[in-house]
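With the hints as constraints, model all of the structure from the sequences given.
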Amino acid sequence: MDNERVKSSRRKFLRSAVAVAGATLGYTWLKSTQFLVYAAEPEDKSLPWYGIVIDIEKCIGCGSCAKACKNENDVPVEPFFFRIWVEQYTVMNDGSVDIKSPNGGIDGFKQTIPDEKIFKSFFVPKMCNHCSKSPCSQVCPVGATYESPEGVVLIDEKYCIGCRYCVQACPYGCRFIHPEKKVANKCTLCYHRLKKGLAPACMEICPTGARMYGNLRDKNSELVKFLKEHTTQVLRPNLNTGAKLYYNALSSEVR
Amino acid sequence: MNFYIPPQIKRLALAFIIFIALFLVLRSFLVPDSFGQYGFYRGESLADNAKPEIHYAGHQSCLECHQDIEDLKLMDVHSDISCETCHGPGQKHVLSSEAADIFKPASRESCGVCHEKNAAKRKSAIFQIQLDTHNTGKNCTECHNSHQPWTMKE
Chain A
0 MDNERVKSSR RKFLRSAVAV AGATLGYTWL KSTQFLVYAA EPEDKSLPWY
50 GIVIDIEKCI GCGSCAKACK NENDVPVEPF FFRIWVEQYT VMNDGSVDIK
100 SPNGGIDGFK QTIPDEKIFK SFFVPKMCNH CSKSPCSQVC PVGATYESPE
150 GVVLIDEKYC IGCRYCVQAC PYGCRFIHPE KKVANKCTLC YHRLKKGLAP
200 ACMEICPTGA RMYGNLRDKN SELVKFLKEH TTQVLRPNLN TGAKLYYNAL
250 SSEVR
Chain B
0 MNFYIPPQIK RLALAFIIFI ALFLVLRSFL VPDSFGQYGF YRGESLADNA
50 KPEIHYAGHQ SCLECHQDIE DLKLMDVHSD ISCETCHGPG QKHVLSSEAA
100 DIFKPASRES CGVCHEKNAA KRKSAIFQIQ LDTHNTGKNC TECHNSHQPW
150 TMKE
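Chains as they are written, first to last, in numbering that gives the first Met the number 0: chain A, 0 to 254; chain B, 0 to 153.
Keep in mind that the hints are not guaranteed to be accurate.
[Said to hold, decoys possible] Here are the simulated distance ranges between beta carbons:
#: 1; chain 1: B; residue 1: 66; chain 2: A; residue 2: 90; range: 41 to 49 Å
#: 2; chain 1: B; residue 1: 33; chain 2: A; residue 2: 239; range: 28 to 36 Å
#: 3; chain 1: B; residue 1: 23; chain 2: A; residue 2: 250; range: 50 to 58 Å
Please keep in mind that the hints were generated in silico from the structure rather than gathered at the bench.
Please read these numbers as outputs of a predicted model, since none were measured by experiment.
The C-beta atom is built at its ideal place from N, Cα and C for all residues, glycine as well.
What follows is the structure, given as structure tokens:
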């Protein structure tokens with residue numbers, strides 16, 4: 000008797016379990032209707048997939064890139080918010096590291112530490128890494144930031160509620176709240192220029208060619224050739240952000 | 000096979016169904032059409048991001064009128080530098096052709112931004128000078144032609 004009841008309840012349980020599983024499966028087939036679930040990632044291989052290279056050996060810290068970015072994207076000059084900026088790292092003879100970025104480097108750099116004390120020194124231009132697994136777009140509660148089909152991380156200014164989650168989530172410190180628009184703001188890799196067939200402003204004006212951008216899908220592009228021939232490194236590889244900004248000759252002091 | 004569903008559960012289920020239906024109706028009005036077109040974001044936002052006006056015209060636009068300067072530049076070490084690196088954003092000038100709409104750098108500091116000596120600049124990357132000892136009081140353009148820096152003026 001008891002045994003019979005157990006059997007029948009087990010049958011009921013199995014039946015409902017199959018029904019639930021079936022409904023879930025059926026629902027995933029309905030995905031194309033975009034009823035509640037959205038398409039995961041567009042796999043449009045015809046579009047470029049942008050990557051960036053910064054060659055630290057070529058950078059002279061003139062700050063033209065940071066200045067051009069402010070001009071091109073109407074980023075307020077003061078207070079100091081930056082989509083891209085330049086840092087100067089100076090390793091002293093005693094092993095300590097000095098990091099400077101006066102005004103984000105837009106006025107260039109003056110050497111303040113005498114040559115005798117310096118073990119080595121170099122410039123590190125920083126900007127959005129346009130991560131393919133970007134932490135900033137993962138934390139956005141309203142879907143206002145995303146990775147475009149070209150691999151550019153963009154912001155939907157109409158949708159952004161200014162909650163600042165993304166500003167905290169970015170491990171590279173590349174986001175800020177626009178002081179006038181009160182929404183998140185960041186490097187768009189000059190998406191408006193890319194779409195018009197122009198190079199991003201910072202790449203356009205870099206006098207030494209230290210900055211490069213290109214299509215990572217095109218295996219014959221200048222960028223991919225550079226990546227093949229040089230030992231490049233991304234910032235904070237341990238965070239698995241899928242960063243697409245590669246540094247050539249990056250020193251281990253850089254954070 | 001006789002499921003007995005108590006009436007309070009039935010009422011609860013009904014309330015749930017009404018709630019979900021209301022949610023779906025409201026949602027269809029509130030979510031923009033292009034949301035989810037490419038991913039979990041508003042598809043039209045791509046067009047919004049492509050909309051802003053450009054300020055830097057690009058090197059090719061300069062060449063349409065100033066090929067002569069480009070020819071000078073190509074003969075010397077400044078050959079790879081885009082015009083707008085020193086002259087600033089040029090789209091306004093491209094549209095108006097007014098000389099007032101473009102910046103003409105004429106100070107020691109403008110050249111010094113790149114050429115002032117700094118330990119972080121690789122010697123192979125750029126020719127560097129000490130701004131405070133190199134012919135002080137003189138403007139760079141008194142001796143150098145900015146488009147052909149090694150063609151010295153008298």
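Consistency of the hints with the structure:
no., hint, in the structure
1, B:66 / A:90: 41 to 49 Å, "holds, 46 Å"
2, B:33 / A:239: 28 to 36 Å, "holds, 30 Å"
3, B:23 / A:250: 50 to 58 Å, "holds, 55 Å"
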